[in-house]
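Peer 1: Below, each chain spelled out in residue letters.
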Amino acid sequence: MTRRLRVGLVSCAHVHAPGLARTIASLPQTELAGIYDEEPARCGPMLAELRATFDPGIALHDLPALLERSDAVVIASTNADHRRYTEAAAAAGVHVLSEKPLATTLADGRAMIEACRSAGVQLGTAFPVRSSAAVLSLKDAIDSGRMGRILAARCTNPGRYPGGWFGDPAKAGGGAVMDHTVHVADLLRWLLGDEVERVEAEVGSFHWGLPVDDTGILLLDLAGGAFASIDCSWSRPRTYPTWGGLTLHVVGEQATIDVDVFRQALTHHDDAASETRLVGWGDDLNRLMIGGFADAILEGRPVPISGEDGLRALEVALAAYRSSAERRPVAIADL
Amino acid sequence: MTMRVGVIGSGFAGSTHARACVGIDGVQVVAIAAATHEEAAPLARECGARATASAEDLYNDPTIDLIVVASPTYLHVTHATAAAQAGKHVFCEKPLARTLKEADAIVGACERAKVTLGVGHVVRFFPEYRQAKALLDAGALGRPGLATFTRGTFPVGKTRGWYMEEQRSGRVILDLMLHDLDTARWWFGEPDLVHARTVGGTGGLDYALATLRYRDRPIVHLEASWAEHAGFRTSFEVRGERGMLSHDSRASAPLQIQAPPVEGLPAVMPATTTHETPYRAQLRSFFDSLAAGREPVVGAREGYNSLALGLAVARAARERDVVEWKAPA
Numbered sequence: 001m002t003r004r005l006r007v008g009l010v011s012c013a014h015v016h017a018p019g020l021a022r023t024i025a026s027l028p029q030t031e032l033a034g035i036y037d038e039e040p041a042r043c044g045p046m047l048a049e050l051r052a053t054f055d056p057g058i059a060l061h062d063l064p065a066l067l068e069r070s071d072a073v074v075i076a077s078t079n080a081d082h083r084r085y086t087e088a089a090a091a092a093g094v095h096v097l098s099e100k101p102l103a104t105t106l107a108d109g110r111a112m113i114e115a116c117r118s119a120g121v122q123l124g125t126a127f128p129v130r131s132s133a134a135v136l137s138l139k140d141a142i143d144s145g146r147m148g149r150i151l152a153a154r155c156t157n158p159g160r161y162p163g164g165w166f167g168d169p170a171k172a173g174g175g176a177v178m179d180h181t182v183h184v185a186d187l188l189r190w191l192l193g194d195e196v197e198r199v200e201a202e203v204g205s206f207h208w209g210l211p212v213d214d215t216g217i218l219l220l221d222l223a224g225g226a227f228a229s230i231d232c233s234w235s236r237p238r239t240y241p242t243w244g245g246l247t248l249h250v251v252g253e254q255a256t257i258d259v260d261v262f263r264q265a266l267t268h269h270d271d272a273a274s275e276t277r278l279v280g281w282g283d284d285l286n287r288l289m290i291g292g293f294a295d296a297i298l299e300g301r302p303v304p305i306s307g308e309d310g311l312r313a314l315e316v317a318l319a320a321y322r323s324s325a326e327r328r329p330v331a332i333a334d335l
Numbered sequence: 001m002t003m004r005v006g007v008i009g010s011g012f013a014g015s016t017h018a019r020a021c022v023g024i025d026g027v028q029v030v031a032i033a034a035a036t037h038e039e040a041a042p043l044a045r046e047c048g049a050r051a052t053a054s055a056e057d058l059y060n061d062p063t064i065d066l067i068v069v070a071s072p073t074y075l076h077v078t079h080a081t082a083a084a085q086a087g088k089h090v091f092c093e094k095p096l097a098r099t100l101k102e103a104d105a106i107v108g109a110c111e112r113a114k115v116t117l118g119v120g121h122v123v124r125f126f127p128e129y130r131q132a133k134a135l136l137d138a139g140a141l142g143r144p145g146l147a148t149f150t151r152g153t154f155p156v157g158k159t160r161g162w163y164m165e166e167q168r169s170g171r172v173i174l175d176l177m178l179h180d181l182d183t184a185r186w187w188f189g190e191p192d193l194v195h196a197r198t199v200g201g202t203g204g205l206d207y208a209l210a211t212l213r214y215r216d217r218p219i220v221h222l223e224a225s226w227a228e229h230a231g232f233r234t235s236f237e238v239r240g241e242r243g244m245l246s247h248d249s250r251a252s253a254p255l256q257i258q259a260p261p262v263e264g265l266p267a268v269m270p271a272t273t274t275h276e277t278p279y280r281a282q283l284r285s286f287f288d289s290l291a292a293g294r295e296p297v298v299g300a301r302e303g304y305n306s307l308a309l310g311l312a313v314a315r316a317a318r319e320r321d322v323v324e325w326k327a328p329a
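Protein chains in written order, with this note's numbering: chain A, 1 to 335; chain B, 1 to 329.
Chain B with its partners taken away, still in its complex shape (with noise of 0.2 Å):
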């Protein structure tokens, strides 16, 4: 049986998702909505897809088994609510929403649609986050003590309006260290305390650096930065009592290609180059653990605790002091 998805949202994270289903066995993209027509015609051309400008095409598509959200943020809310409703599962690109209540909107209505939820956490999928993840769970360096998380890219923020606005993205803390933060909580569970800083500049600029505890170890410190002008990086150290892992996305590109530059050339993106990229694996997992029914990797509870702890570094950023945290969910 093929699974038929429609994906909200023709931007970075909806070509991604809609390019990562092709080639998916027994997926087919079958429609993608976007705020206008013609923004949504290029992918779905490529996509061997619909087009259209209206979500509600979507929902009222009874042929259409998932909904891909990758709307901006702030849309999350209505447009995984709403699908949810017509009966499709939903798989949501992360933050899972902008807010809590908009978070229990969107799990309450996939509950009670007995639809599955999935949420867009993709370093689960990154083979070198996958594989430090191996090595501490098989004890590799004994009890960790110190993680440190950098993840940066240009100033997003010049591109897309959106991504500045607090309100509607929740800015570099919950669209881009979302991602470590997640990765700590996945690595080390849920940490007690939150410290953090953040500053907005002018020029789509914006950086944040935290720090968890948790009460007997590790310390985690993060850095997220849209002001790292030469691309996308990632980084990460962790040190345990035996030992210690690295990982520098820089100095572990086994491709780098160099041209004269072009005019509104967009980021560089993540230097993992393998056969499967992570964007599909992470789709592929989704799918079957739809097609087993079982709970998928990064589900609804994975997803709000998540998010909860990126509105805690938030807050604490924000009060400029410490806060203390417990899971929600």
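Only chain A is shown next, with the shape it has when bound in the complex (with noise of 0.2 Å):
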């Protein structure tokens, strides 16, 4: 083993971050440098949580310091903070894996991209999904020509409202359209080598009282002529036994097939909780994820999935937003 990628993760504020920083500290590839937070209080259950079972290091909340002891850092913070974290690191010559979306307008996604390699950091988008066994199966599918020409997709990624800020537009961006559509529209953009041209969607806001959307349907054409759908909706109630999901149908010439990411879980019907819920048992994809982005950063390759396919995926969920509001076909390039 050579060096160890030392990578520092910048806020708590997002649900994901337990699980983030636990697998830096685990990977063979990185050491966990430090957590910041501007909010200490936010941080402080988090690190109770993470003691219970490894030592987090230090907890800084003093970002310069953070940038000091990283090679890279994992932004886990609200959306619309995802700029100014990004180019607070970039100015430090520290790496940056954003979580999804990117940013919450193409401005701050821009600039994101433009510090990065002004500053000749790499700046990659947290999208696990792409990291699945099953997905990668597809996409070797559709590669071989086994599924000759693919013509159409239904894809869902529906959940729970996640709570907290995910429902306040102004450190959100947005809601389910969002949080969830970015998943699916990076799939699909990567497994058909495609790009998505235009968008019609429906969204609204029904089931969980918030100010920002909680539902939304997004048709796309994408330029090589396949369509898809999106169902981007926190449709999934409390008592839903698991978060939600993502699911891929993909029509081709040759084949149909059928992807269930999260299909892999025991059924645990638990009286003492009065619940029942899935219990996920396949791959950690934050790990495969976290870990192929060490990997290109230690051997100076490409990071895999980058700021501008984070970009690209923003430019669908806010096509849909727009689509939505004015009952109309949106091209991205008139975004």
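It is worth saying that the hints were derived from the structure and are not from the lab. Each hint should be verified, as a subset may be incorrect.
Across the chosen pairs, the derived CB separations fall in these ranges [claimed, not checked]:
#	chain 1	residue 1	chain 2	residue 2	range
1	B	GLY142	A	VAL279	27 to 37 Å
2	B	ASP216	A	GLU299	49 to 59 Å
3	A	GLY280	B	PHE232	22 to 32 Å
4	A	PRO64	B	ALA140	52 to 62 Å
5	B	LYS101	A	ALA331	33 to 43 Å
6	B	LYS101	A	GLN254	35 to 45 Å
7	B	THR202	A	SER118	48 to 58 Å
8	A	TRP281	B	ARG215	37 to 47 Å
9	A	ARG42	B	ALA259	52 to 62 Å
10	A	ASP260	B	ALA140	21 to 31 Å
11	B	ASP321	A	PRO64	48 to 58 Å
12	A	ASP258	B	ASP321	23 to 33 Å
13	B	LYS133	A	ASP258	23 to 33 Å
Chain A stretches covered by chain B per the calculated footprint, using a threshold of three residues with CB under 8 Å from any CB of chain B [as the list claims (entries may be wrong)]:
#	segment
14	149-155
15	235-246
16	253-266
17	323-333
From a predicted model like this one, the values you see are computed outputs, not experimental measurements. Quick reminder that beta carbons are idealized off the backbone N, C-alpha and C, glycines included.
Both chains are sitting in their own frames, so use the hints and assemble them into the complex.
Peer 2: Right, here's the structure in full:
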């Protein structure tokens, strides 16, 4: 084993933050350089939880000090804060892996890409589902030509309202459409080697009493002629046995393939908690994603999922909001 | 008094409806018409009816009270108007017709002849869809915000060429998605906006996606596929303010048969296994409404509006644009 990549975690705001910290601390090629959060109170419970299983190291409430100790940072802040943390990291010569969506506006996303480019550091976007073995098998089937030409796809990424700032338009930049569209938009671009050209969408806020949307159905036209839909809704009720899921139903001229990324789960009927829940046993996708990011940095290769990839996915979400508001198809080129 | 029935068509729809009639009290299938006598004969024998290559035989038979039109979609207008003009009640397989102009002709002919028109939107008689409707009506979910429907089967164009001809069938939108468009109307009423895309590939494959927007709520998303190589499947989800209903035919099949594959085996048909099939329940309901002089559950207006919505979906897909919708009838 050569050098390990020192990775800092910036912000505990995101629901994924504890898992990300645990992953960084346990991967063979990374070490947790520390955790920064501008609201120490928010960080406290997470640190206590982490300390139950391992020592998360120094919790720093001083961003420059964390950047000093880090080769790269994972940014798990609110969506609206991705830009300023990325710019701070880039200025300190630190690589960045940003949670999705990359930003809440195109201007912010472009500024992040430019900041990293001019500082000579890499910017990655956190799309863990590309790492799923089932999704990779689908990609292999498409690339091999066994499915024939890909005609259409119906994709879902339903979930629950994650809580907290995810319902705050200023911090999240939107609701379910902002939160979940980007995962599937990225998968479609990557799987088909194509770009989304136009978006039609219907968006609503029906189920959680939020000032942001919780329901969205998108229809996408890809440049190569295929079309797809995305159900990105926070449609899963509190009593649903898991947080949500991600499915891809891909129709090719020669074959139809269904992928249900999180289907690998036990059903736990738990009398003690009076609930039934699914307990996943599949691969840890965050671990594969951060490992792939770290390997690329350590070996001096481009990171597997770039800031540009994040920006392309963000464009689809933003086009969906505009289409729904204006009741017309919106071309990505016209954003 | 016995209701004497003639059936036009001996394909999937014709044989399903003829078999569904057999065993309903007070109903007798007396004749099966198909393009040739040979095509009609096996089904006729099975139902204890006579076979004929001439639909006119049925119109001209004064003992026939009702004609089931189960011919290919583009022929519905010919058979249904002639049956009505001969004074027969008409039960027409969905879609009511290929175009609204043809549907106007059928509805007009039935009105003038004072016969009753029923349209075969059989999903209204599938118990899982009826149960969901009952729960929705009871307010189990509160106001629905999102509903999704999928419906798929193998590439049917491989078996019968007319399915793949736009002018004859309206393809997967009018033939398959129409079931769920009708269900959306049945559950939620008339939508305001329509979005859609469709693609037809080689090998009898056809596929469509559509979204319906109701002014306030819900948003409805529909998938119809003739690319479901594993066989027939339906599913739906409805999410409301207080919870969600979901259905998947593959997960709710109480009986699954495994056997070595057989060449030319037809599509695996609906998993619903109940003592009365939805097809028989549909016809029994129609006969009951005739006997009682009531408007049928799916009569002219319902069949007409569902066809119109299907045509709006086809237009949205053709124009790749948002289409505003207003129910015509």
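Peer 1: May I ask which of the numbered hints given earlier this structure violates, with the numbers listed in increasing order?
Peer 2: none
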